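Using the sequences provided together with the hints, build the complete structure.
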Amino acid sequence: MHCDDAARALYAGETLPDLEVHLSACDECRQLSEDLGQMNRAFALARTGWAPSPAFKVVLPLAPWRRLAIAASILVLPLAGWAAASLWPSRPNYDVAAVLEPHSIGEPSDRELLGALFLEENR
Amino acid sequence: MSDGKPVTEPELIRRSKGGSREAFGQLVGRYQVPVYRVIRGILGNPSESEDVAQEVFLKAYANLAKFRGESGFFTWLYRIAVNEALRARKRRTFANADALPEVEAPPPVPPEEDAPTLATLEKLLRKLSDEFRSIVVLRDIEGLSYTEIAETLEIPIGTVESRLFRARQELRALWRQSKEAKNAL
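Chains as they are written, first to last, in my numbering: chain A, 30 to 152; chain B, 3 to 187.
These are computed hints drawn from the structure, not numbers from a lab. Don't take each hint at face value.
[Said to hold, decoys possible] Keeping only pairs whose Cα atoms sit at most 35 angstroms apart, straight-line, the calculated DSBU-like set for lysine-lysine is:
{"no.": "1", "chain 1": "B", "residue 1": "Lys61", "chain 2": "A", "residue 2": "Lys86"}
{"no.": "2", "chain 1": "A", "residue 1": "Lys86", "chain 2": "B", "residue 2": "Lys19"}
{"no.": "3", "chain 1": "B", "residue 1": "Lys68", "chain 2": "B", "residue 2": "Lys19"}
{"no.": "4", "chain 1": "B", "residue 1": "Lys19", "chain 2": "B", "residue 2": "Lys61"}
{"no.": "5", "chain 1": "B", "residue 1": "Lys125", "chain 2": "A", "residue 2": "Lys86"}
{"no.": "6", "chain 1": "A", "residue 1": "Lys86", "chain 2": "B", "residue 2": "Lys68"}
{"no.": "7", "chain 1": "B", "residue 1": "Lys7", "chain 2": "B", "residue 2": "Lys19"}
{"no.": "8", "chain 1": "B", "residue 1": "Lys7", "chain 2": "B", "residue 2": "Lys68"}
{"no.": "9", "chain 1": "B", "residue 1": "Lys129", "chain 2": "A", "residue 2": "Lys86"}
{"no.": "10", "chain 1": "B", "residue 1": "Lys184", "chain 2": "A", "residue 2": "Lys86"}
{"no.": "11", "chain 1": "B", "residue 1": "Lys92", "chain 2": "B", "residue 2": "Lys68"}
In this text, all values refer to a predicted model and were calculated from it rather than measured experimentally.
Shown next, in the form of structure tokens:
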């Protein structure tokens, strides 16, 4: 076996029948075989040693409909708040107590005041 | 899943295409370590590799509709991983062009025994070209077949064979140099 054939077989990871015989007689090819063996052990270390950290976690984006739902809720919430505020019965601009409670003694009633006003205008 | 049987990969892909984040999460769980390893082999930096792995899965999720199943899912995923890792490497090279020169690491302490180390491998892989590094990582670390590498890198099988041969030759030459330098210390 020629060294070129041995090297080709070694790099390709092939096992040819007379390769061992050649390696036992050729220092250069034996050296190549040993180096490739060490490299293969290093590759095996990489296979077991290279791993993401335990904290590594792939974070997927939200589905489009979820993003839409969130955006819609962000828009809708203030609108809903505004609508609720505008529909809420506002505070009356007259004195409820004055309507519901009887007049205190000594104060003229609305009717009396209107009557007085009418008389004053027709005077 | 409800009947306790493991869900097949095509089924997970089908469900993921239908919008199931849970199904895609299972695919991520299956492939996050090998995808990370491919990126790590090309980039060499652990934390940057995690960032790129994240990008790879986001890209896969966004483009899942384009996966038609003509190639294996993992070769499709590896293709994205290789491309993203190489892109990240180019970005880094571009960003470093104006940066301060890289500080030389102190000379390594000679190991007690002449054992191959991951650090040596990482250092030597960085010296290979992008093409050579990618193919060595896919074949010698991930164990992909020539056909799978051809699918992943979108090159003919003959190119896979010749490129892998030259990549291993170059890596071995670097390995020898590294050993001789250690012996000289």
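Going through the hints against the structure:
Restraint check: the Cα-Cα separation between B:Lys61 and A:Lys86 comes to about 15 angstroms, which is no more than 35 angstroms; the hinted pair holds. Proposed proximity of A:Lys86 and B:Lys19 is supported: the alpha carbons are some 21 angstroms apart, at most 35 angstroms. Between the alpha carbons of B:Lys68 and B:Lys19 the distance comes to roughly 10 angstroms, so the proposed pair stays at or under 35 angstroms and holds. The suggested pairing of B:Lys19 with B:Lys61 holds, with an alpha-carbon distance near 13 angstroms, which does not exceed 35 angstroms.
Annotation: proposed proximity of B:Lys125 to A:Lys86 holds, straight-line Cα distance about 27 angstroms (limit 35 angstroms). For the hint pairing A:Lys86 with B:Lys68, the CA-to-CA distance comes to about 24 angstroms; that is within 35 angstroms, so the pair holds. Pair hint B:Lys7 plus B:Lys19 holds up; C-alpha atoms about 21 angstroms apart against a cutoff of 35 angstroms. Taking the CA atoms of B:Lys7 and B:Lys68, the gap is near 28 angstroms; set against the 35 angstroms cutoff, the hint holds.
As the CA atoms of B:Lys129 and A:Lys86 are separated by approximately 30 angstroms, the hinted pair is consistent with the 35 angstroms bound. For a cut-off of 35 angstroms, the pair hint linking B:Lys184 to A:Lys86 is broken: about 39 angstroms separates their Cα positions. Pair hint B:Lys92 plus B:Lys68 holds up; C-alpha atoms about 26 angstroms apart against a cutoff of 35 angstroms.
When the structure is compared with the earlier hints, a violation turns up for hint 10 alone.
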